[in-house]
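Build the full structure now, drawing on both the sequences and the hints.
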Amino acid sequence: MAVPLLSVADLQVGFATQRGLLRAVDGVSFDLAEGQTLGIVGESGSGKSVTAKTLMNLLPSYARVDGSVTFDGRDVRAMATEGERHFWGVEMTMVFQDPMTSLNPVKKVGEQIAESLRVHLKRSRKEARDEACDLLQQVGIPEPKKRLTQYPHELSGGLRQRVVIAMALACSPRLLIADEPTTALDVTVQKHILDLLDELREERGMAMILITHDLGVVKGRADQIMVMYAGRTMEQADTATLFSEMRHPYTEALLETIPRIDMASHTRLVPIPGNPPDAVDLGPGCPFAQRCRYCSAACLVDQPGLDQHGDGHACACHSPVGTEAGAAAHVSNLETGVTPAGLDMGTFTAAVGETA
Amino acid sequence: MDAPVQTDPAEQFGAVVARRLGPGFWIAASWIILIVAAAALAPWLPIADPNETGVGGRMDGPGWSNWFGTDNNGRDMFARTIWGARVSLIVGFFSVLLGICIGGTLGMIAGYFRGFVDRVISFSVFVLLAYPGLVLALLIVGLAGQTLPIVAMTLGILAIAPIARLSRATTLAYSEREFVAAARVLGATDRRIMIRELLPNVLIPMGALTLLGMAITIVAEGGLAFLGLSVEEGFSWGKMIVLGSSPRTLREGPWVAMFPIGAMFLTVLALNFAGDRLREYFDVRELGIGAG
Amino acid sequence: MAGSGSIQMRDSDDVVLRVENLVMEFPAGLKQVVHAVSDVSFDVCRGETLGIVGESGCGKSTTARALVQLPRPTSGTVTLDPGTDSRVELTDLEGEALRSVRPRVQMIFQDPISSLNPRRRVKDIVGEGLAIWCDEHPDVDVDARVDEVLSAVGLDPVVAASRRPHEFSGGQCQRISIARALAIDPEILICDEPVSALDVSVQAQILNILEEMKERFGLTLVFISHDLSVVRNVSDRVVVMYLGKVCEIGNSDALFSEPAHPYTRVLLASAPEPSTVVDASESAIGDEIPSPINPPSGCRFRTRCPRATELCASQEPVMEEMGPDHFVACHFPSTP
Numbered sequence: 001m002a003v004p005l006l007s008v009a010d011l012q013v014g015f016a017t018q019r020g021l022l023r024a025v026d027g028v029s030f031d032l033a034e035g036q037t038l039g040i041v042g043e044s045g046s047g048k049s050v051t052a053k054t055l056m057n058l059l060p061s062y063a064r065v066d067g068s069v070t071f072d073g074r075d076v077r078a079m080a081t082e083g084e085r086h087f088w089g090v091e092m093t094m095v096f097q098d099p100m101t102s103l104n105p106v107k108k109v110g111e112q113i114a115e116s117l118r119v120h121l122k123r124s125r126k127e128a129r130d131e132a133c134d135l136l137q138q139v140g141i142p143e144p145k146k147r148l149t150q151y152p153h154e155l156s157g158g159l160r161q162r163v164v165i166a167m168a169l170a171c172s173p174r175l176l177i178a179d180e181p182t183t184a185l186d187v188t189v190q191k192h193i194l195d196l197l198d199e200l201r202e203e204r205g206m207a208m209i210l211i212t213h214d215l216g217v218v219k220g221r222a223d224q225i226m227v228m229y230a231g232r233t234m235e236q237a238d239t240a241t242l243f244s245e246m247r248h249p250y251t252e253a254l255l256e257t258i259p260r261i262d263m264a265s266h267t268r269l270v271p272i273p274g275n276p277p278d279a280v281d282l283g284p285g286c287p288f289a290q291r292c293r294y295c296s297a298a299c300l301v302d303q304p305g306l307d308q309h310g311d312g313h314a315c316a317c318h319s320p321v322g323t324e325a326g327a328a329a330h331v332s333n334l335e336t337g338v339t340p341a342g343l344d345m346g347t348f349t350a351a352v353g354e355t356a
Numbered sequence: 001m002d003a004p005v006q007t008d009p010a011e012q013f014g015a016v017v018a019r020r021l022g023p024g025f026w027i028a029a030s031w032i033i034l035i036v037a038a039a040a041l042a043p044w045l046p047i048a049d050p051n052e053t054g055v056g057g058r059m060d061g062p063g064w065s066n067w068f069g070t071d072n073n074g075r076d077m078f079a080r081t082i083w084g085a086r087v088s089l090i091v092g093f094f095s096v097l098l099g100i101c102i103g104g105t106l107g108m109i110a111g112y113f114r115g116f117v118d119r120v121i122s123f124s125v126f127v128l129l130a131y132p133g134l135v136l137a138l139l140i141v142g143l144a145g146q147t148l149p150i151v152a153m154t155l156g157i158l159a160i161a162p163i164a165r166l167s168r169a170t171t172l173a174y175s176e177r178e179f180v181a182a183a184r185v186l187g188a189t190d191r192r193i194m195i196r197e198l199l200p201n202v203l204i205p206m207g208a209l210t211l212l213g214m215a216i217t218i219v220a221e222g223g224l225a226f227l228g229l230s231v232e233e234g235f236s237w238g239k240m241i242v243l244g245s246s247p248r249t250l251r252e253g254p255w256v257a258m259f260p261i262g263a264m265f266l267t268v269l270a271l272n273f274a275g276d277r278l279r280e281y282f283d284v285r286e287l288g289i290g291a292g
Numbered sequence: 001m002a003g004s005g006s007i008q009m010r011d012s013d014d015v016v017l018r019v020e021n022l023v024m025e026f027p028a029g030l031k032q033v034v035h036a037v038s039d040v041s042f043d044v045c046r047g048e049t050l051g052i053v054g055e056s057g058c059g060k061s062t063t064a065r066a067l068v069q070l071p072r073p074t075s076g077t078v079t080l081d082p083g084t085d086s087r088v089e090l091t092d093l094e095g096e097a098l099r100s101v102r103p104r105v106q107m108i109f110q111d112p113i114s115s116l117n118p119r120r121r122v123k124d125i126v127g128e129g130l131a132i133w134c135d136e137h138p139d140v141d142v143d144a145r146v147d148e149v150l151s152a153v154g155l156d157p158v159v160a161a162s163r164r165p166h167e168f169s170g171g172q173c174q175r176i177s178i179a180r181a182l183a184i185d186p187e188i189l190i191c192d193e194p195v196s197a198l199d200v201s202v203q204a205q206i207l208n209i210l211e212e213m214k215e216r217f218g219l220t221l222v223f224i225s226h227d228l229s230v231v232r233n234v235s236d237r238v239v240v241m242y243l244g245k246v247c248e249i250g251n252s253d254a255l256f257s258e259p260a261h262p263y264t265r266v267l268l269a270s271a272p273e274p275s276t277v278v279d280a281s282e283s284a285i286g287d288e289i290p291s292p293i294n295p296p297s298g299c300r301f302r303t304r305c306p307r308a309t310e311l312c313a314s315q316e317p318v319m320e321e322m323g324p325d326h327f328v329a330c331h332f333p334s335t336p
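Protein chains in written order, with my numbering: chain X, 1 to 356; chain A, 1 to 292; chain F, 1 to 336.
Source of the hints: derived by calculation from the structure; they are not laboratory data. None of the values given here were measured: they were computed from a predicted structure. Beta carbons: idealized from backbone N, C-alpha and C, even for Gly.
Pair ranges (Cβ atoms, derived):
1) F:L30 / X:E143: 22 to 30 angstroms
2) A:N272 / F:D92: 49 to 57 angstroms
3) X:D66 / F:E167: 30 to 38 angstroms
4) F:G323 / X:R268: 22 to 30 angstroms
5) F:D92 / A:R191: 21 to 29 angstroms
6) X:H153 / A:L129: 29 to 37 angstroms
7) F:H137 / X:T183: 38 to 46 angstroms
8) A:I195 / F:E167: 23 to 31 angstroms
What follows is the structure, encoded as structure tokens:
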């Protein structure tokens, strides 16, 4: 791997609540090289969006952040305290889930794109306008000249997201973070937006972080994938390895639980029993232990570290899938009928799986 | 760029904090309880008769014998301030109660049924709002007499329109919720939906409004007093302020006006503050954000 | 695409729900009208799961609401048990008569939090239907029935009954919604995007519960979703809708293995992991969905359709049979 553009080491983000410290992100580390895509996969509350917001310096002031974030040799967290203005929105930008939250409803699309060009790159009014027009063309918006003078509400959801992408690209960023960029869009438009992001990344050689809840979305697009759960990294690998040599039970469970379009009707889905844990009160063990069929006694008391399984493949599990430890734990759980966490193994085949 | 709407722990955290009422609320609530208790127990409290003249000298300043001083008839201002609270609070409470019973019901009916019913009720509310409140008050009190029930009713009628608007807006918002649709699918009657599903949700902002509304009507009653339209028998804080605010009295014994003004000020402040905190507190709960 | 015609309708005693020529229009000010659902017809047999799939704005949720007369459709009929003596035309009923048949068709909604009254306890929410109809069924033990359905959906009645909705997660709230609908023993359960708002790790639980409840309580399901893979998983028969019209209707396996309508093929190619029966390039269509206020003439899909010709603009295609239990409304359908 080349020298990383972005390097995150042992990132911790916590929020003080009345019930105790909420660990939204707990010990996340990754490197991202220029031109590469990192897919972060997780459910709501997994810490994937908080990670992105930390990188973008968008967290509220009461958040407690620890760990290091380095972008091209510069300390990103130090830049935040020093009030560096021409970094976020210029070298590192972000595209959010709902395009309407990123667009000002009472300003014309053209003005909004031109604004960041004029603020950050000191372009003249006319230059900015021409560049905005170019950008709209690049993100595949038909009749860009006409669109410049329209307001966001006059555009469809897909076009709005394209405008947001154009805004994010205005200052030629080196890293683009896309947080669920298609979740709010129609199915037939989603793929277009994802393809567009991929093309633009390739053309411009920028790095991208693609955040999603769907492993299928990152499968063909990301170079590396990081699976998060309850603020922690569960598994991290390059995409091919992750899908061919899946190690973490959570990753496996996610893949099995989501219906695929080519499955025959009424294929029984393997449910993941229970609910995501409460991030305030995680307890000592693995956060997934309560829902895991490979759970062993150690999982309940000892938080597994991120072990290496071959080149760049890391997995935080005491009994990983496809290893002897994993097989042994599974067999033993099947024999006793319950996991050490008290989960009935029957729930993985029965429809009604609930432990709460 | 704004942060997107998400159910991340960071957002949930905001909800956790907002669920505290805070010490300010409890201070305000204590003051309200103190005033209400004093007013309710006034006949049994070891205080002077508020109408007895010559308890002290004329225009005695505040002191040990008369804590709040005396007025120009030598009546004890401390006793009068407590007795004055009775009328002010009764007027405040019952006028808001009337406003909520009528305005709240009308608003719910308008918000739930919409269409023609809504247009009729909303139009009546607009008419009521457009009609000058003072003129209405002059009319009613002038014709019906300056008794306590009439004054409370007058202010209650003035409260109907704003309360109906709030009730209608809240009902409209909740009618959109899917639990109302679910109840209709189950076969619930309109009456049942309004009472079982909507009322408990509409009552919460109404409850907070009761306190805010009392604050407004207590001040409004003071306004009526200046027009000579407050209760004829007995006296309220408003009437006391009027009595104490002639230029001569203000010059020679400012405390005659100051103590009822202070009592009204603190009470209105406390009611506003407590009502506002309650409203915030319940707004969060109503979103149904629970951890996990 | 415009699924006019009625060739897809079946003539069986087993049909429990028949929807004919359903039209739903809403005023949009300035004498304009939103054509949310235009001339949609389909039927559902006893014990079957009918999936309705399409993008936002295709009218699938409006159709679902029209089935329970919320609000009453502009025109068209919705009939329960059409082939039997107990035939009831919902669209004809008013007031008490409509209310009295309501328990037969129940519904669960997308937003698990908005579906439950935040101020009521779970046992009151689930028992509400029984409480409404207690005069008609005085012998029903409400508490026992509430416990039964709560256990059926996998919640412990002892723990859950006295709590309020905000103490539960999204998935658990959806279980409570299902329990509420099942408590009064409906024949038909309409599910409007029941898993769309849930975490991915919880979706399968809810889908499996729906399957199990269907078997245990002898339900017929109408399942609405924008997610093709979910619809395929739960459905026996599928309706594909676009801009208020039916494009394609058919047996789930036939429709997904030999999609005939160009729009169905686009949907299949647009999934995160596209179906293997279509080419990935088939997802390349325009992003602009026309306004339902002023829908295109002829076939409503023609403005985005790669196969559109002048014929499609001038003439609305009629439902035609493509194979056994497989119908499509297109002038140029794909043939296997």
